[in-house]
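Number of protein chains: 2
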Amino acid sequence: MILGQRIKEEREKRNWTQTDLTEKLNVSRQSISKWELDSAYPDIERLIQISDLFNVTLDSLIKGDSELQRHITVKGTDDHMNGWEFWAHYWWIIFPIAGLIMSFLSYLN
Amino acid sequence: MILGQRIKEEREKRNWTQTDLTEKLNVSRQSISKWELDSAYPDIERLIQISDLFNVTLDSLIKGDSELQRHITVKGTDDHMNGWEFWAHYWWIIFPIAGLIMSFLSYLN
DNA sequence: CAGTCACGCAACCATTGGTTGCATAGTTGA
DNA sequence: TCAACTATGCAACCAATGGTTGCGTGACTG
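Just so you know, the sequences run in chain order A and B. Counting in this note's numbering, the first sequence runs without a single skipped number right up to 662 at its last residue. Counting in this note's numbering, the second sequence runs without a single skipped number right up to 662 at its last residue.
A portion of the hints provided could be inaccurate.
Which copy is meant is left open, because identical chains are indistinguishable; a pair holds if it fits in one copy or across any two.
Said to hold, decoys possible - Here are the simulated SDA-like cross-link-like pairs (lysine to any residue), alpha carbons at most 20 Å apart as the crow flies:
| hint | residue 1 | residue 2 |
| --- | --- | --- |
| 1 | Lys566 | Ile555 |
| 2 | Lys587 | Ile597 |
| 3 | Lys561 | Asn579 |
| 4 | Lys561 | Ile597 |
| 5 | Lys587 | Glu598 |
| 6 | Lys587 | Arg559 |
| 7 | Lys566 | Tyr660 |
FYI, nobody ran anything at the bench for these hints, they're computed from the structure.
Kindly generate the complete structure, drawing on both the sequences and the hints.
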């Protein structure tokens, strides 16, 4: 579980102490320590508070998902995708490849 | 809390019974009933399983967030990013633009 | 109307998240 | 150098709650 790591990360990014978080989330400092050490997990209500406080998605907190990783997940579990979905997923790789091919063709000219 | 509603929604969308979910998630049928009635919340590990099984984001499950809302949130809260973060975020757009510029330059040749 | 399916309710139990209190390491300043 | 303070981790305890088993009920169905 990556959650503890992520919470600590976001906290330190803001130069907050665990005690600082205490006030913002209304829990004891120990709870926060536990969360960060993966010795316990915050309950759902507090998870929402945390994601709101840090302005990050729950997926980013819990799964450590970045946008990119998320696409991979979707891809791995999508049983079938139509043409449009394919484009929506892979335009970012098709685009530069197309660009490179174009430049190569121009070069041949 | 919207979670129960969302789970039920995704389950019924697939015409699954609670018992069907039982096998896929390795919990008793009662637990699932409780989740859907907001009489209990699945623990984090199972939440991840659920989001993977249904192929939806955790935010969508827990907050009821749509993709759109999610993007707005993410975008609106990025406070500052250093050079590297910028690259990490935007390489996918810089890449194809570079490709297009290259092809254009080759064309001028 | 017996059998079955899908689901909710109630009671019990075990897990675990949260709290209080104490210990430790690092830092600061007289 | 050593008290004082800060930031964090560890241990023990307790209450909350998630999960399970067992039972009840309404809706179909042959």
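To see whether the hints hold, each was checked on the structure:
Taking identical chains as interchangeable, the C-alpha atoms of lysine 566 and isoleucine 555 lie at most 20 Å apart only when both belong to the same chain, with a minimum of 16 Å there against 31 Å between chains. In this assembly of identical chains, the alpha carbons of lysine 587 and isoleucine 597 lie at most 20 Å apart whether taken from the same copy (15 Å) or from different copies (15 Å). Taking the shortest Cα distances, lysine 561 and asparagine 579 sit within 20 Å of each other inside one copy (17 Å), while across copies they are farther apart (31 Å). Proximity of lysine 561 and isoleucine 597 under a CA criterion of 20 Å is satisfied in both settings, with 18 Å inside one chain copy and 18 Å between copies.
For the identical chains of this complex, lysine 587 and glutamate 598 are neighbours both inside a copy (17 Å) and across copies (17 Å), given an alpha-carbon limit of 20 Å. In this assembly of identical chains, lysine 587 and arginine 559 lie within 20 Å of each other by CA distance solely inside one copy; the values are 13 Å within and 29 Å between copies. Proximity of lysine 566 and tyrosine 660 under a CA criterion of 20 Å is satisfied in neither setting, with 47 Å inside one chain copy and 46 Å between copies.
Hint violations for this structure: number 7 only, all remaining hints satisfied.
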